[in-house]
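Visitor: Sequence:
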Amino acid sequence: MATILIVDDAKFMRLTLANMLEKLEHKVIGEAENGRQAIEQYRDLQPDLVTMDITMPEMNGIEAVSVITSEFPDAKIIICSAMGQQRMVMEGIEADAKDFIVKPFDETRVNEAIRRVLP
Numbered sequence: 001m002a003t004i005l006i007v008d009d010a011k012f013m014r015l016t017l018a019n020m021l022e023k024l025e026h027k028v029i030g031e032a033e034n035g036r037q038a039i040e041q042y043r044d045l046q047p048d049l050v051t052m053d054i055t056m057p058e059m060n061g062i063e064a065v066s067v068i069t070s071e072f073p074d075a076k077i078i079i080c081s082a083m084g085q086q087r088m089v090m091e092g093i094e095a096d097a098k099d100f101i102v103k104p105f106d107e108t109r110v111n112e113a114i115r116r117v118l119p
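Everything in the sequence shown is counted per UniProt numbering, starting at 1 for the first residue and increasing by one.
If you're looking for bench data, these hints aren't it; they were derived computationally from the structure.
Since the structure is predicted, the reported quantities are computational estimates derived from the model, not experimental observations.
Just so it is clear, CB atoms sit at the ideal spot from N, CA and C, and this is done for glycine as well.
Heads up, a few of these hints could be off.
The calculated label-pair distances, taken between Cβ atoms and stated as ranges, are [to be verified]:
#: 1; residue 1: Asp106; residue 2: Ser70; range: 29 to 37 Å
#: 2; residue 1: Glu40; residue 2: Leu15; range: 16 to 24 Å
#: 3; residue 1: Phe12; residue 2: Ser70; range: 24 to 32 Å
The calculated EDC-like cross-link candidates involving lysine to aspartate or glutamate, where the alpha carbons are at most 20 Å apart (straight line), are [stated by the list, open to error]:
#: 4; residue 1: Lys11; residue 2: Asp106
#: 5; residue 1: Lys23; residue 2: Asp48
#: 6; residue 1: Lys23; residue 2: Glu107
#: 7; residue 1: Lys103; residue 2: Glu31
#: 8; residue 1: Lys27; residue 2: Asp106
#: 9; residue 1: Lys27; residue 2: Asp44
#: 10; residue 1: Lys98; residue 2: Glu71
#: 11; residue 1: Lys103; residue 2: Asp9
Between the sequences and the hints, there should be enough to build the whole structure, so can you do that?
Guide: Shown next, in the form of structure tokens:
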């Protein structure tokens with residue numbers, strides 16, 4: 001069971017993903033709605049994994065990934081993107097995100113990404 005921080009500006013998306021992750025027997029230990037909150041939550045909680053939305057107010061997911069991975073090189077982050085955001089996904093991977101999942105979330109794909117990223 002992994003501890004997970006969910007970062008998405010849409011409460012509905014956080015709830016959907018949280019339900020899916022708990023069904024897959026992971027523990028959601030925190031939620032954030034923008035990149036700044038994500039960084040604070042990561043520092044406080046040090047989760048096993050972060051699911052990071054790309055497009056958010058205040059600070060986007062790419063910037064947050066860069067800050068988190070510069071402070072915590074072993075951070076495991078999966079980028080969550082809408083269809084058509086391939087360029088942003090590539091920027092996320094370059095910022096050291098470990099994988100990506102596309103919205104709307106597919107439980108099988110979410111599980112595969114987590115299995116790939118976590119030992």
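Visitor: What hints, given by number in increasing order, does this structure fail?
Guide: The structure conflicts with no hint, since it agrees with every one listed earlier.
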